[in-house]
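Undergrad: What follows is the residue order along each chain.
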Amino acid sequence: MTTISWFESYWAGMKSEVGGKAASLGEMTGAGLPVPPGFAVTTSAYRRARDESDLDAHIARLLHGLDITDTDMVSERCAKIRQHIATMPIPEGIELQIRGAYLELGARFGMKDVPVAVRSSATSEDSPDASFAGEHDTYLWVRGAEDVIDAVRRCWASLFTDRATCYRVEMGYEHRSVEMCVVIQKMVHPKAAGVAFTLDPTNGDRSQVAIDAAWGFGEGVVAGEVTPDNYRVDKVMLDITKRIVSDKTHEYVLTDHDTVERVETTPERASAPCLTDNEIKAIARLAKTAERHYGCPQDIEWAVDVDLPEGDNIILLQSRPETVWSKKGPTTVVQPGQKTGDFMSSIVSTLMSPLYTKGPDGS
Amino acid sequence: MAGFPLPSEITTPPGAEGWQELYSYSSTCSPARAAYEDSMFWFQDGVHWPKALLPWDASLMEVAIMALSQYNTRHLLVPPANGIDYRIVNGYTYLSPVPAPEADIPARAEQFMQRAGHYFMNWNELYDNWLVKIRDLVKEMEGISFDPLPDVEPLEVVTSGAGRGAGGDLQANYLKLLTCASTLWQYHFEFLNLGYAAYLDFFGFCKTAFPGISDLAIAKMVAGVEVDLFRPDEELKRLARMAVDTGITDAFKLGDVEGTCEALRAKGEAGQAWISSFQQSAEPWFNFSTGSGFSSQDKIWIEHVEIPFDFIKGYIDNLQKGDDIARPTEAISAERDRIVGEYAALLASDEDREAFNGKLGLARVVFPYVENHNFYVEHWSHSVIWRKMKDLGGIFAKEGFLEDPEDIFFMKRHEVPDALFDLYSAWAAPAQPAGPHYWPPIIAKRKEIHAALNAWKPTPALGTPPEVVTEPFTIMLWGITSDSIASWLGGGASDDGSLGGMAASPGVEEGLARVIFGPDQINEVQEGEILVAPLTAPSWAPIFGKIKATVTDTGGMMSHAAIVCREYGLPAVTGTGFATSTIKTGQRIRVDGSNGKVTILD
Chain S
1 MTTISWFESY WAGMKSEVGG KAASLGEMTG AGLPVPPGFA VTTSAYRRAR DESDLDAHIA
61 RLLHGLDITD TDMVSERCAK IRQHIATMPI PEGIELQIRG AYLELGARFG MKDVPVAVRS
121 SATSEDSPDA SFAGEHDTYL WVRGAEDVID AVRRCWASLF TDRATCYRVE MGYEHRSVEM
181 CVVIQKMVHP KAAGVAFTLD PTNGDRSQVA IDAAWGFGEG VVAGEVTPDN YRVDKVMLDI
241 TKRIVSDKTH EYVLTDHDTV ERVETTPERA SAPCLTDNEI KAIARLAKTA ERHYGCPQDI
301 EWAVDVDLPE GDNIILLQSR PETVWSKKGP TTVVQPGQKT GDFMSSIVST LMSPLYTKGP
361 DGS
Chain U
364 MAGFPLPSEI TTPPGAEGWQ ELYSYSSTCS PARAAYEDSM FWFQDGVHWP KALLPWDASL
424 MEVAIMALSQ YNTRHLLVPP ANGIDYRIVN GYTYLSPVPA PEADIPARAE QFMQRAGHYF
484 MNWNELYDNW LVKIRDLVKE MEGISFDPLP DVEPLEVVTS GAGRGAGGDL QANYLKLLTC
544 ASTLWQYHFE FLNLGYAAYL DFFGFCKTAF PGISDLAIAK MVAGVEVDLF RPDEELKRLA
604 RMAVDTGITD AFKLGDVEGT CEALRAKGEA GQAWISSFQQ SAEPWFNFST GSGFSSQDKI
664 WIEHVEIPFD FIKGYIDNLQ KGDDIARPTE AISAERDRIV GEYAALLASD EDREAFNGKL
724 GLARVVFPYV ENHNFYVEHW SHSVIWRKMK DLGGIFAKEG FLEDPEDIFF MKRHEVPDAL
784 FDLYSAWAAP AQPAGPHYWP PIIAKRKEIH AALNAWKPTP ALGTPPEVVT EPFTIMLWGI
844 TSDSIASWLG GGASDDGSLG GMAASPGVEE GLARVIFGPD QINEVQEGEI LVAPLTAPSW
904 APIFGKIKAT VTDTGGMMSH AAIVCREYGL PAVTGTGFAT STIKTGQRIR VDGSNGKVTI
964 LD
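Protein chains in written order, with this note's numbering: chain S, 1 to 363; chain U, 364 to 965.
Derived by calculation from the structure, the hints in this document are not laboratory data. All of these numbers come straight from a predicted model, not from anything done at the bench. C-beta: ideal position from N, C-alpha, C; glycine also. Please note that the accuracy of each hint is not assured.
Mimicking BS3-like on lysine-lysine, the simulated pairs with C-alpha atoms at most 25 Å apart in a straight line are [unchecked claim]:
1. U:Lys-583 <-> S:Lys-288
2. U:Lys-960 <-> S:Lys-242
3. S:Lys-281 <-> U:Lys-583
A few chain S positions that, by computed beta-carbon distances, are all more than 10 Å from chain U [as the list claims (entries may be wrong)]:
4. Glu-104
5. Pro-330
6. Phe-343
With these hints in hand, go ahead and build the complete structure from the sequences.
TA: Next up, the structure:
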């Protein structure tokens, strides 16, 4: 089995090898939804490391006679297992491959020690990964191959959180039945970020994509504490139909020590549009692709990454179904029971109550 | 609500005193009708008549408006809209839509359904018949000859027993030309407003389903791929390609048409073949006016072959640089299908999709007329009318009535029969006609007055505007909306100093402005500039390939200029009212064709 699986070479048959999260990232990449670029260290790497360091026997010893109602005992023993995994040797071939892939990822953007997120992506036939979402570890702003290797081991170790371990014991599942894939993904470094709806949130118009955008990280937009620039793009024509540039008084930026900090913007920057027309259109295209992929109106988070070349720099951070208008149900033009074939009556009423006198907002 | 000056408040520009004498008594404002005139709202039609009318040219304006009114009011009974009243004010055309009485609307609607319904149900058949009718009419007009009166009638006139001669024919032929012009304009409006009505129905549906959809997107779904209005430009490209393919392009390096033709002939077969191919294209496709077709003064390609020659030269240059000048019809067609498919998929129900497809289908059936009639009527037929009138002018000039054949356009239409009578009876006697003493001073005075009228800047509207413009054809044909009226009242500039207009073709471009006032200045336009003009004509198409964007003073979303702009994918803002008087050549401007905004950046 392959050790490294790049998102772009993912196919459906690999799902069991990479776990839910990595599978979804691979699927999105394949569907033209540009998630932050990266690769997965597959479960086969975990299996080899586990088997070569005789982990099963060690775990069996440590969990022998475990009383899952004794939280102190659980906590102590699980910590020991995690400690063991976090320091166990990785077979040399595998470690070399992970280092190689990490270097290659950085080389794609001409970056040495590219900061990455290292995330757990567990697989198991019986317990869906989702049950323990958030239980497994995620490490952000990891830089350098050494730290990446370390973080991979700690992700593996997070299979043995207290809760997950107790769950398996209680259900009688083999600890071997869960395996861990680790996702390594470039940290997004946004020039600008924000949200987009694949409909006009003011009237439910599905021909429009509404974009809110501000400088830097998207936190301010999502939390509603920055008044973002607002753009409307026709989904079919991909024309910008509306643009309101707001006074973006502050932004969230990356500091030298890899933290995100809120800073005031200069007046010039505050009133300058934070996206170019090409970027606006690319975000609209991305939102449209997401809507098609998921088959219903979407509410997405996106970022424009400064490290990526123009044309590949729009990144999808999250896509979820739009809820407000989708709940209301579709607004049809033809009312139930109305005939659609009577074009003369329709032409007469068009001439009588002319909609074409209205502006683009229907105002 | 603030308003415009009342018709009765408009004063005569200096030097134009007595201007009313240039036009028919019924077309100007009069004290007896002042109360009515001051109570109405009038807007200036600069789309068709951007300059002060010449006396005879006013005939085609009057007959066109009359035919429009006739169809709305007497033939089809368009439910809310009667015809259009018009006045010539200081030489410019002002129009005022006449609403149908509220109480009549239900009964009219019933009649309209039956009458218009017949056209919609039988559109293709009726339109095919229209194409036959219009070609027959052109042939009939071409067949009208205005020949100088002979010294002696030919023998066969006598021996055939016809019993009448050239003098009477001259009078009859003039009346025949007037009758043809009237028929022409009735044909024009036989279909036009119905075409717009079906278009508006689809338009209204789209705006209900997708409030944010642009006018352009709707236009693109309906627009035809093969359009006769683009045919003259296609012929230019074809001729350019032929010159390149047959290796005769160096003949076009010579400056003038004559030199080029001589060089072509010297090239033997290939050159000859090109010349005869040009002649074939010219009839009818180069019966193409450089203006709206409504002015006898606009140049027509076939009479000024240097114009198509220059354009062909430009296309030859493009081809030699390796540019692809072909209209990508397959791509245009595929793009149209994509747009339709995507909007249809976004509709909320299958019933909506069915209605959408039905309305789109009807709009596409009617739209070829909307797109093509302009060539047949305003360009081809009018070209023939202007030519015939110049022939007639030639007869008057020969007899000393006029100094120049084209001076005939300074006569009013009903003065021509009087002058013909003078000429005819003097020829018959023979005796001295009064004309040579009577007309030259009148024409000279009228030229002075006309020049003074041309120097006047017409106010965009007169009287008190309606609170909301709802008259469908005012909006479609002239692009006049509540917004544009508000912008005129504000002097054109909005709060941020930008000019507002119709978002006629989307996109944003910045560049240097080139302000031109007519087709004679087309050659001044440089690669990459932004064209600013009172209006553009379809025949300016060849320069659309080199400009970045277009701004016009007048025009609506369906004006012929807007159709061409969209075809060329150029951002355009039309109907700004004040662009040519506000913007100067060389200024940096930004044209936002998506939002109908023009900003001067300097």
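Undergrad: Decide, hint by hint, whether the structure agrees.
TA: Taking the hints in turn, this is what the structure says about them:
1. Between Lys-583 of chain U and Lys-288 of chain S the alpha-carbon distance is near 20 Å, which keeps this suggested pair within the 25 Å criterion.
2. A C-alpha spacing of about 12 Å is found between Lys-960 of chain U and Lys-242 of chain S, which places the hinted pair at or below 25 Å, so the restraint holds.
3. For a cut-off of 25 Å, the pair hint linking Lys-281 of chain S to Lys-583 of chain U stands: about 19 Å separates their Cα positions.
4. A cut-off of 10 Å between C-beta atoms confirms that Glu-104 of chain S is not in contact with chain U; the least separation is 38 Å.
5. Once the 10 Å rule is applied to beta carbons, Pro-330 of chain S is inconsistent with being away from chain U; the minimum gap is 3 Å.
6. Distance to chain U contradicts Phe-343 of chain S as a non-interface residue, since its nearest Cβ pair spans about 6 Å, not more than 10 Å.
In this structure, the earlier hints numbered 5, 6 are contradicted, and the remaining ones agree with it.
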